[in-house]
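First to last, the sequence lines map onto chains V and X.
For what it's worth, my numbering labels the leading residue of the first sequence as 1, then goes sequentially.
For what it's worth, my numbering labels the leading residue of the second sequence as 89, then goes sequentially.
Simulated from the structure, these hints should not be mistaken for laboratory data.
Worth double-checking, as some hints may not be accurate.
As the list claims (entries may be wrong) - Sample of chain V residues at the chain X side, in silico, Cβ under 7 Å:
{"no.": "1", "residue": "22"}
{"no.": "2", "residue": "23"}
{"no.": "3", "residue": "31"}
{"no.": "4", "residue": "69"}
Unchecked claim - The calculated lysine-lysine pairs, modelled on BS3-like cross-linking and capped at a C-alpha distance of 27 Å, are:
{"no.": "5", "chain 1": "V", "residue 1": "9", "chain 2": "X", "residue 2": "153"}
{"no.": "6", "chain 1": "V", "residue 1": "26", "chain 2": "X", "residue 2": "216"}
{"no.": "7", "chain 1": "V", "residue 1": "80", "chain 2": "X", "residue 2": "249"}
{"no.": "8", "chain 1": "X", "residue 1": "318", "chain 2": "V", "residue 2": "9"}
{"no.": "9", "chain 1": "V", "residue 1": "26", "chain 2": "X", "residue 2": "273"}
{"no.": "10", "chain 1": "X", "residue 1": "153", "chain 2": "V", "residue 2": "31"}
{"no.": "11", "chain 1": "X", "residue 1": "156", "chain 2": "V", "residue 2": "9"}
{"no.": "12", "chain 1": "V", "residue 1": "26", "chain 2": "X", "residue 2": "201"}
{"no.": "13", "chain 1": "X", "residue 1": "249", "chain 2": "V", "residue 2": "31"}
{"no.": "14", "chain 1": "X", "residue 1": "340", "chain 2": "V", "residue 2": "26"}
{"no.": "15", "chain 1": "X", "residue 1": "171", "chain 2": "V", "residue 2": "31"}
{"no.": "16", "chain 1": "X", "residue 1": "95", "chain 2": "V", "residue 2": "9"}
{"no.": "17", "chain 1": "V", "residue 1": "26", "chain 2": "X", "residue 2": "156"}
{"no.": "18", "chain 1": "V", "residue 1": "80", "chain 2": "X", "residue 2": "318"}
{"no.": "19", "chain 1": "X", "residue 1": "156", "chain 2": "V", "residue 2": "31"}
{"no.": "20", "chain 1": "V", "residue 1": "80", "chain 2": "X", "residue 2": "322"}
{"no.": "21", "chain 1": "X", "residue 1": "322", "chain 2": "V", "residue 2": "9"}
{"no.": "22", "chain 1": "X", "residue 1": "295", "chain 2": "X", "residue 2": "273"}
Where is the CB? At the ideal position from N, CA and C, for every residue including glycine.
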Amino acid sequence: MLSYIRNDKYDAAHFDNEWVILNTDKFTVTKINEIGGFCWSLLEQSQTVDTLAQAIRKEYEVMDDTLEEDLHNFLSDLLKFNLIDHAN
Amino acid sequence: MDKLHAKIGEHFIQVTSNPLSFATTLLEENHFLIPNHDALPHIIIHVEEGYGVAFVDYNVVVTNKQNKRYFHRADYLIETDEKYKTATIYAHDQLALKHALMNLYSSYIVSHKWGLLIHSSCVIENEKAHIFAGASGAGKSTAAKLSHPRLLLSDEATLVKVTHEEITVFDSPFRSELKSPGISKSYSLGSMHILHQALINTRVQLKQSNGFYFLLDKVFYWAHDPDETKNIVKLLESLLHNVPVYNLHFQKNNTFWELIS
């Protein structure tokens, strides 16, 4: 299974329940919600869709069947904006 | 060579210039020159008149070579160390010199995590500073003029000191039309406004994250060093945690102050 990790060319600011992530290389800004920010904090170390889904279900008691699909889309977006890389 | 001494924000600046009058004008007309003193300067600058051509555009090219950093625009060149403590500025004219000094000083305060130079005007009301920013032509200068007789801390580039506890604004020497009378005191920042000219006055607070989007584009900064960009993110984060940002739709008169005061 694919695993992902943060690109080191970023910095993040935390406001209320949102995170703003700046790619300091490309100078792009990405805003993510609280659960996205939770994932972002976990991505400091290598993660897969499954490890992230497991952590979210434990932290937020989410029972949504589409969580894995949502995570896949979320990680695709982070990849597109160069905020994460493949870890393997 | 004769030395000029200036104080900008909390920083002592020592300036030599060839000719001396070239660097004197900008600092003297805004009352930023101070008497000779023994304190160690934070920044030492030498200025040379005569470089390049008159203003072409705002495009600045940044290069690094042998522990030196160079900021190159058609009408100025800055050669500085990587901490911006010692610099030589070559400038075509007074406009080029002003922009070069803004470039250098903004880089210094970001690098030393002291604060930010923000493209905006800033007005004092009831011992508090209030910032007005916006897209080009939105009304920064208009809002500043309509605020008369309130004192202005800036009409072009606002000098903001950022700490975790408090945000303060200092008088800015980087003026456009409205010269400084020489304001030695700093003021706590009460609010920031994004201007939109309108038929009625309204003021709506922005989410901090949206304020971040907006302000990131208003900081005088030339992206060249990821570490300095990270400093800006942290400074803006502290700024937005301490001070509210509003969308201000304002009529072209002074009644918008009723929403702020």
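Hints and how they fare:
At about 5 Å, the closest approach between the beta carbon of residue 22(V) and any beta carbon in chain X falls short of 7 Å, and the interface hint on this residue holds. For residue 23(V), the interface hint is violated, since its Cβ never comes within 7 Å of a Cβ in chain X; the closest pair sits about 9 Å apart. Among the interface hints, the one on residue 31(V) holds; its C-beta lies about 5 Å from the nearest C-beta in chain X, closer than the 7 Å criterion. Given the 7 Å rule on beta carbons, the hint for residue 69(V) is violated: about 26 Å separates it from the nearest Cβ of chain X.
With a CA separation close to 22 Å, the supplied pair residue 9(V) and residue 153(X) stays within the 27 Å bound. Taking the CA atoms of residue 26(V) and residue 216(X), the gap is about 37 Å. The hint is violated against a cut of 27 Å. Of the supplied pair hints, the one linking residue 80(V) and residue 249(X) is violated, its CA atoms being roughly 35 Å apart against a limit of 27 Å. At roughly 9 Å between alpha-carbon atoms, residue 318(X) and residue 9(V) fall within 27 Å of each other, so this suggested pair holds.
The suggested pairing of residue 26(V) with residue 273(X) is violated, with an alpha-carbon distance near 39 Å, which exceeds 27 Å. The straight-line distance between the Cα atoms of residue 153(X) and residue 31(V) is roughly 36 Å, outside the 27 Å bound, and the hint therefore fails. Using a Cα cut-off of 27 Å, the hinted pair residue 156(X) and residue 9(V) holds, with the two alpha carbons roughly 23 Å apart. For the hint pairing residue 26(V) with residue 201(X), the CA-to-CA distance comes to about 22 Å; that is within 27 Å, so the pair holds.
Straight-line distance between C-alpha atoms of residue 249(X) and residue 31(V) comes to about 26 Å, which keeps the hinted pair within the 27 Å bound. Distance restraint check for residue 340(X) and residue 26(V): the Cα-Cα separation of roughly 38 Å exceeds the 27 Å cut-off, and the hinted pair is therefore not satisfied. Pair hint residue 171(X) plus residue 31(V) does not hold up; C-alpha atoms about 31 Å apart against a cutoff of 27 Å. Annotation: proposed proximity of residue 95(X) to residue 9(V) is violated, straight-line Cα distance about 35 Å (limit 27 Å).
Distance hint between residue 26(V) and residue 156(X) is fulfilled; the C-alpha atoms sit about 24 Å from each other, no more than 27 Å. Restraint check: the Cα-Cα separation between residue 80(V) and residue 318(X) comes to about 21 Å, which is no more than 27 Å; the hinted pair holds. Between residue 156(X) and residue 31(V) the alpha-carbon distance is near 35 Å, which puts this suggested pair outside the 27 Å criterion. Of the supplied pair hints, the one linking residue 80(V) and residue 322(X) holds, its CA atoms being roughly 24 Å apart against a limit of 27 Å.
In summary, the hint linking residue 322(X) to residue 9(V) is supported, as the alpha carbons are separated by about 15 Å, within the 27 Å threshold. For a cut-off of 27 Å, the pair hint linking residue 295(X) to residue 273(X) is broken: about 30 Å separates their Cα positions.
The structure does not agree with the numbered hints 2, 4, 6, 7, 9, 10, 14, 15, 16, 19 and 22 stated previously, though it agrees with the rest.
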